[in-house]
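Undergrad: So the chains spell out like this:
Protein chains: 2
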Amino acid sequence: MAQQSVVNQYAPFTTQTVMEFVKTLSIFDHPNKLIVKEIGDGNLNLVFQLVELETNRSIIVKQALPYAKVVGESWPLSLNRAKIESESLRMTARVVPNLVPHVLHTDHELACTVMEDLSDHHILRTELISNQHYPLLAQHIGYYVAQTSFATSDFALHPFVKKELVQKFTNPDLCKITEDLVFTDPFFDHPTNDFPHELRHAVETIWADEDLLTEVGLLKFQFLTHAEALLHGDLHTGSIFVTEQSTKVIDPEFAFFGPIGFDLGQFFANIILNTLSKLATTDRQAIVSDLLRAMEQTWITFAQEFTKLWDESNHEIYTNVPGILPRFLLKVWTDAIGFAGCEIIRRTIGLAHVADLDTIEDFHIQIEIKERALQLGADLIKSRTHLYSLGHFIQRIKGALRS
Amino acid sequence: MAQQSVVNQYAPFTTQTVMEFVKTLSIFDHPNKLIVKEIGDGNLNLVFQLVELETNRSIIVKQALPYAKVVGESWPLSLNRAKIESESLRMTARVVPNLVPHVLHTDHELACTVMEDLSDHHILRTELISNQHYPLLAQHIGYYVAQTSFATSDFALHPFVKKELVQKFTNPDLCKITEDLVFTDPFFDHPTNDFPHELRHAVETIWADEDLLTEVGLLKFQFLTHAEALLHGDLHTGSIFVTEQSTKVIDPEFAFFGPIGFDLGQFFANIILNTLSKLATTDRQAIVSDLLRAMEQTWITFAQEFTKLWDESNHEIYTNVPGILPRFLLKVWTDAIGFAGCEIIRRTIGLAHVADLDTIEDFHIQIEIKERALQLGADLIKSRTHLYSLGHFIQRIKGALRS
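So the sequences go chain by chain: A and B. With the first sequence counted from 1, adding 262 to any position gets you this note's numbering. With the second sequence counted from 1, adding 262 to any position gets you this note's numbering.
Derived by calculation from the structure, the hints in this document are not laboratory data. It cannot be assumed that every hint is accurate.
If chains are identical, the list can't say which one is meant, so a pair holds when it fits in one copy or spans any two.
To be verified - Calculated lysine-lysine pairs in the DSSO-like style (CA-CA distance at most 30 Å, straight line): (1) Lys285 / Lys295; (2) Lys295 / Lys644; (3) Lys438 / Lys295; (4) Lys660 / Lys295; (5) Lys285 / Lys644; (6) Lys660 / Lys430; (7) Lys593 / Lys285; (8) Lys660 / Lys593; (9) Lys299 / Lys285; (10) Lys299 / Lys644; (11) Lys570 / Lys438; (12) Lys570 / Lys430; (13) Lys299 / Lys593; (14) Lys295 / Lys430; (15) Lys644 / Lys660; (16) Lys299 / Lys570; (17) Lys438 / Lys660; (18) Lys593 / Lys295; (19) Lys644 / Lys438; (20) Lys438 / Lys285; (21) Lys644 / Lys430; (22) Lys660 / Lys299; (23) Lys660 / Lys285.
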């Protein structure tokens, strides 16, 4: 009876109860001989790996916790995000089945998703920090964003279907985290911010820059109101698993209908942060060139794929009007640069940092690079409507690397 | 038993069944002596007036039909719009109780709303056609849009509340009517269009104007994606009841979360259409001046009230950043002019015309005025980002009146 109640009613899994749960699913031929490990390092979830001893087959069980660990149990989070994540993975798999983990089972009551184990993959952030280069990454991410955003936009869906999906993927708790931690707290003197004393002058420059705050406020409002397509919502380099040949975008629990430029912007920002961190290394030129080319290639692939889908689609009559797509792509581009700027700033001084910067050993250099990150972030946000081309954008980043 | 089933299960009311329904509501002291009339002239609903003989008190019962009469029973429409309408009236009454009909009762099962009878008011469109001037109208409408849009925006609401309302006021059927009849059909050779042969050349000029179609396509996309505030959604001069002292905005069944400029744009367009129709009359100068002033006054009141609410609000920290409000108001203004242009064109050549133009007796003059309407509509859409001020906008309309 105890076992039944574990399986039917939400409680955080233990290694014992997760094994009992998996036994009920007929996934393994030998479910009595499983090895279970909790391998989560996230802030919001439990992640278990279960390996079948006889075959060495393995799966992952990811379960949402009812609170955010990062700030203790005091930040409650709806368990509904587990449903959002599994539904988003299933939606996404329709257009990019090879770029997301395969979902084997979901249980909304237990707030968990059972999926393919990707332990043969590596977390992109860690790989970039150790100077690994993944030549297919940019094309995969550009393709991922083009396919998933076009397929869930008004350009591809009947308006009834689109509106139903917007309702279904309403994600207030997780969006609030972004609204606060990306768009608000870092731009004001807020207790969630986290930066060393030595950075205070640069941070106060941000806080005092009314032109910057105006642009960030408008970007926040776009994030709140522009329901263009189903986004991943948290597409940083820690949400991407890679091997030489394969890229997997994981953890879409922040998924919601928002501005398409947001996913691209977060990805760009995290590549830029890694690029900036290379200033701390000698002989960095080749690595930096690779990273800048990866950003260019991501955008080029995105724009090409989006255009191909647009040209092939005959759902919305306005996709036949030649002037619209360039204008729409310009909006996505401009939004992406603005959102990238916000992400760069918040990852430098907000609650959730990136290891790319924080692991720079020489503290003096770390501070100097963080100052450059803040300046570049502010510059991208304020200049975004003038940076019409990839070239302008890359020049601006090169400027930040040089100056 | 027959009476019970009438009251509990949806069927279009007859004068008999609506009386039986009202008897169950304890609204009247003498519910056995009611006079009932069906007074609807709308396309989507039944409207009954019930008068209590002894007191002369009267009420309105408005019931949604499961199809759009305008195109026969073949255009099915969700009865849920009755719920949208009554919930919208209740939401709106919180901030502008004097500018909307008072709701006495709603029955979602029967898709009906029981409300205050406004028979002492006149339909604004008819009044404008017969040259009546309502000096408080502009202030009332500017105030209505400012109050209702601010109160339901992210500037005033907690994001959880806003997102819940966006879901609740998802209105696919009625939005589809606008998406098709305002933003799509009139701009292509579509069977729902309706215009005389003599206008064909001017209409084909619209259809062939790729710059125009680009802008309309982008405006349609904004309508589909910019969930800024709860709109009325159909704020033309037939949705406004007036007396000398009183203005009542009725029929919000198209309510949904969209771009704030849409309501203002539809109102402007219908005033402009009336203004253009005055070209058919002699001694029109004073009337035209009044109408242009009414538009100016509507915007001025809207902007002043919205600013006041913005300054008083301390919900969203970004309302303290001085640069944001002017930028946001400019977006609303630009959107309003673009949406006004779409409404002017669709009311001239689309499925649903306005009496202002169609009742011009001299057919030659009617055609000439309709040509001017099409040109002005196209001009407003294409120039909207350059018409920075009220003055520019009014000059453009005066140009259309003169040319």
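Undergrad: A separate judgement is required for each hint: does it hold in the structure or not?
TA: Results of checking the hints against the structure:
In this assembly of identical chains, the alpha carbons of lysine 285 and lysine 295 lie at most 30 Å apart only when taken from the same copy (10 Å versus 70 Å across copies). For the homomeric pair lysine 295 and lysine 644, neither the shortest alpha-carbon distance inside one copy (58 Å) nor that between copies (69 Å) is at most 30 Å. With identical chains, the CA atoms of lysine 438 and lysine 295 are never at most 30 Å apart, being 42 Å at best within one copy and 56 Å at best between copies. Within a single copy, lysine 660 and lysine 295 get their C-alpha atoms no closer than 54 Å, and across copies no closer than 84 Å, so neither meets the 30 Å cut-off.
Proximity of lysine 285 to lysine 644 under the C-alpha cut-off of 30 Å is found in neither arrangement, the shortest distances being 55 Å within a copy and 64 Å between copies. In the homo-oligomer, the alpha carbons of lysine 660 and lysine 430 never lie at most 30 Å apart, since the shortest distance is 42 Å inside one protomer and 47 Å across protomers. Taking CA atoms no more than 30 Å apart as the test, lysine 593 paired with lysine 285 passes in neither setting, with 49 Å inside one copy and 57 Å between copies. For the identical chains of this complex, lysine 660 and lysine 593 are intra-copy neighbours only, at 23 Å inside a copy versus 33 Å across copies, given an alpha-carbon limit of 30 Å.
In the homo-oligomer, the alpha carbons of lysine 299 and lysine 285 lie at most 30 Å apart inside one protomer (16 Å), although the nearest pairing across protomers, at 67 Å, exceeds that limit. Taking CA atoms no more than 30 Å apart as the test, lysine 299 paired with lysine 644 passes in neither setting, with 47 Å inside one copy and 61 Å between copies. In this assembly of identical chains, the alpha carbons of lysine 570 and lysine 438 lie at most 30 Å apart only when taken from different copies (27 Å versus 34 Å within one copy). Within a single copy, lysine 570 and lysine 430 get their C-alpha atoms as close as 28 Å, which meets the 30 Å cut-off; across copies the closest is 35 Å, which misses it.
Within a single copy, lysine 299 and lysine 593 get their C-alpha atoms no closer than 45 Å, and across copies no closer than 53 Å, so neither meets the 30 Å cut-off. Taking CA atoms no more than 30 Å apart as the test, lysine 295 paired with lysine 430 passes in neither setting, with 38 Å inside one copy and 48 Å between copies. Proximity of lysine 644 to lysine 660 under the C-alpha cut-off of 30 Å is restricted to the intra-copy arrangement: shortest distance 17 Å within a copy versus 38 Å between copies. In this assembly of identical chains, the alpha carbons of lysine 299 and lysine 570 never lie at most 30 Å apart, being 44 Å within a copy and 58 Å across copies at closest.
For the homomeric pair lysine 438 and lysine 660, neither the shortest alpha-carbon distance inside one copy (33 Å) nor that between copies (47 Å) is at most 30 Å. In this assembly of identical chains, the alpha carbons of lysine 593 and lysine 295 never lie at most 30 Å apart, being 54 Å within a copy and 63 Å across copies at closest. For the identical chains of this complex, lysine 644 and lysine 438 are intra-copy neighbours only, at 24 Å inside a copy versus 37 Å across copies, given an alpha-carbon limit of 30 Å. In this homomeric assembly, lysine 438 and lysine 285 never come within 30 Å of each other (Cα to Cα): the closest approach is 36 Å inside a single copy and 48 Å across copies.
Neither within a single protomer nor between protomers do lysine 644 and lysine 430 lie at most 30 Å apart by alpha-carbon distance, with minima of 34 Å and 36 Å respectively. Taking the closest pair of Cα atoms, lysine 660 and lysine 299 never come within 30 Å of each other, the shortest separation being 44 Å inside a single copy and 75 Å across copies. In this assembly of identical chains, lysine 660 and lysine 285 lie within 30 Å of each other by CA distance neither inside one copy nor across copies; the values are 54 Å within and 77 Å between.
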